[in-house]
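Peer 1: The chain contents come next:
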Amino acid sequence: MSEAEKYYEKGILPRATGEIPVPSDAPEICVKMTGVNKWYGQFHVLRDINLEVCTGERIVICGPSGSGKSTMIRCLNRLEEHQEGTTIVNGTVLDDDIKHIDEIRREVGMVFQHFNLFPHLTVLQNLTLAPIWVRKTAKREAEETAMHYLSRVKIPEQADKYPGQLSGGQQQRVAIARALCMKPKIMLFDEPTSALDPEMIKEVLDVMIELAQEGMTMLCVTHEMGFARTVANRVIFMDAGQIVEQNEPEEFFNNPQNERTKLFLSQILSH
Amino acid sequence: MSEFTPIPAREPPASSVGVVGWLRTHLFSSWFNGALTVLILWSLLLIVPPSLQWLLGDASWSGGRSDDCKTDFVSPEDGETYRVDAPGACWTFTKVRFMQIMFGLYFAANPSEVWRPVLMFSLFGGLITPLLIPKFRWKWQLGMFTLLVFPFIAVALVHGEWLGLPVAETNEWGGFMLTFFLAAGGIVLALPIGVVMALGRRSELPIIRSLCVFYIELWRAAPLITILFMASNLLPLFFPSGVDFDKVVRALIAITMFQSAYTAEAIRGGLQAIPKGQDEAASALGMGYWRKTGFITLPQAMKISIPGIVNTFIELFKDTTLVGIIGLHDFLGSAQIAARSPEWKGYDFEAYVYVALIFFMCCFAMSKYSQHLERKLDTGHKER
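Same order as they appear, the protein sequences are chains A and B. Quick note on the working numbering: the first sequence kicks off at 122 and runs consecutively. Quick note on the working numbering: the second sequence kicks off at 161 and runs consecutively.
Keep in mind the hints are simulated off the structure, nothing from the lab. There could be a bad hint or two in this list.
[To be verified] Partner residues are not named here, just some residues of chain A that face chain B (Cβ under 8 Å, in silico):
hint	residue
1	150
2	151
3	200
4	223
5	241
6	245
7	254
8	285
9	287
10	370
11	374
[As the list claims (entries may be wrong)] List of simulated lysine to aspartate or glutamate pairs, DMTMM-like, C-alpha gap at most 20 Å:
hint	chain 1	residue 1	chain 2	residue 2
12	A	282	B	538
13	A	257	A	278
14	B	295	A	281
15	A	275	A	327
16	B	452	A	224
[Claimed, not checked] Some residues of chain B that are not near chain A, with every Cβ distance over 10 Å (derived):
hint	residue
17	168
18	191
19	240
20	256
21	348
22	437
23	443
24	444
25	445
26	451
27	481
28	537
What you are looking at is a predicted structure, and each value in this text was computed from that prediction instead of being measured. C-beta atoms are modelled at their ideal positions from N, C-alpha and C, and glycine is treated no differently.
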């Protein structure tokens, strides 16, 4: 049982089912990957990925390590480059054109496993740097937005501290706020709770659940199956660079179709 | 259900704190360390008091002639009185030759012009001191002024031509002042070149990278003394006859090239220590190369590189004494010349001690300032 699952069981972490808005009937596709392939040297990491994500969808991607799940979401904002296939994000084709890349990066926020906050800047400076210099927001306005999101992640009092003075959970919440300050349309989460102490996972998941409740489009690589059950409207299972299976969480967990999925689920849910 | 109450904290045992604890852990932690402590204390006792006696106690300070450093000696053989060297240091020598050792021959020969280098150094001190005050508000502006404007003021004052003062040609510059110009000029010019080279060496563009690697390796491969020698003796052969630019400028260019290669490597070390995630996070926020470099990687890299950069600065400061090989009379050279004059023959030791003390003071100050900077810039990040 994952840490978050234990919290759900004990009732510490509220299950959010029902409060989360269901994507509208006429879905607007905001991410479309068609026949995407990627190699690291000779190693074929992503094999024929086809994925469509609608606005407002909350997708959890799971799978064994090395299955290409991080690589896949990193291909969506060009932290990794795919060699074959097409990726369209928010109507922009992701190619070598630096303008297209910048356009997409402005609309896609990302949260990393190791937070990657800028240690030489205060929390507030971490949050306002990109809005000021990339979005060209006025400093006052950027700071107001930053304080708004810091309150949202419940640490406005830490604004003038340096990241090194915060706990892991607080740092990750700052990282989420930093991404939100760019007012993104899509949020990518790359194992956001994997580097956290058990006691801090809940505070980060809480923030992510709230975000989901507001209708943010989320692609989330995580092993928090409790989170997947309650928040996701689609779970994707990857192995060996392929999407093996995808389904609604209930179906995915209770009635997996593929043998590989069954094996994976039995291993992560058994202990 | 029992409540958790932590055991109250206690004082550490008396033997591990206080004077006794400190002595035990630092000086007498084993019989071997104890013996070393005793041996070192004993050697210090043998060396320090006689040195101080020579440096200060028996030293001559007064007067203005070499005779003031001599004392009467009655020979037990013939009963005659001879003038022999006094047992202490002869600081009368450095006092009399102060202008020459500090400011070079021109200002020693023209005492009425000495106010120029003195004013220059006072200005420099006046500009540097506020930078050391932690709460000073205009630090950034003052720093920029010191870097960009002060060098011109300094040259104008000492050279004199731009201000309509009697001209002190650069080949007559010397002493500590010349060392200062070469070292400070080398440092100020080499830092930006070093930053550019370090960034270039990590560039993804192969031509830029190769050029930077070539530049850095070229200057690092040759000893400074060779580069100085080439700049002074070989370079003029490539210019048409009649074109001859300043010897001090040539030395400064040579030093800058040499120094920038080392600075570049120190900064590259810092750049490589920045985790890749920093760059990725900045990219994901939509920042391009220059913003990522200017706001994220370079500031952190510079902070990490401070000890390395200051180390090369200190080396450079001392290495400027090599300009003696191309006929410039720097601090050390001027002191040697002063000690070779007929009047003061034989006071080389005082000259060297004097030069060593001043070098030590400057290098120690630089080292302390770099430690202060490191502490100030440490934002307490547990590295990730």
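Peer 1: Holds or violated: is there a CB of chain B closer than 8 Å to the CB of residue 254 of chain A?
Peer 2: 6 Å, holds
Peer 1: Since residue 191 of chain B was said not to touch the interface, does its Cβ keep a gap of more than 10 Å from each Cβ of chain A?
Peer 2: Answer for residue 191 of chain B: holds, closest chain A Cβ roughly 43 Å.
Peer 1: Are all C-beta atoms of chain A more than 10 Å from that of residue 451 of chain B?
Peer 2: 6 Å, violated
Peer 1: Would you say residue 348 of chain B is clear of chain A, with no C-beta pair closer than or equal to 10 Å?
Peer 2: Its Cβ never comes within 10 Å of chain A, the nearest being 24 Å, so this holds.
Peer 1: In terms of Cβ atoms, is chain A entirely out of 10 Å range of residue 437 of chain B?
Peer 2: The assertion about residue 437 of chain B is violated, with a minimum of 4 Å to chain A.
Peer 1: Should the hint that residue 287 of chain A touches chain B count as held when the rule is a Cβ pair under 8 Å?
Peer 2: 10 Å, violated
Peer 1: Do the numbers back the hint for residue 200 of chain A, that is, is its least Cβ distance to chain B under 8 Å?
Peer 2: Hint on residue 200 of chain A: holds, closest Cβ of chain B at ~5 Å, below 8 Å.
Peer 1: Are all C-beta atoms of chain A more than 10 Å from that of residue 444 of chain B?
Peer 2: It is violated; residue 444 of chain B is separated from chain A by about 4 Å at its closest Cβ, not greater than 10 Å.
Peer 1: Please confirm whether residue 445 of chain B is truly not at the interface, meaning its C-beta sits more than 10 Å away from all C-beta atoms of chain A.
Peer 2: Given a closest Cβ separation of 4 Å, the condition is violated.
Peer 1: Looking at residue 537 of chain B again, its CB stays over 10 Å from all of chain A?
Peer 2: The assertion about residue 537 of chain B is violated, with a minimum of 8 Å to chain A.
Peer 1: Can residue 223 of chain A be said to touch chain B, with a Cβ gap under 8 Å?
Peer 2: Holds - the Cβ of residue 223 of chain A comes within 8 Å of chain B, reaching about 6 Å at its closest.
Peer 1: Starting from residue 452 of chain B, check that the Cα of residue 224 of chain A is at most 20 Å away, please.
Peer 2: 17 Å, holds
Hints 1, 2, 6, 9, 10, 11, 13, 22, 23, 24, 25, 26 and 28 from the earlier list are contradicted by this structure; the remaining hints agree with it.
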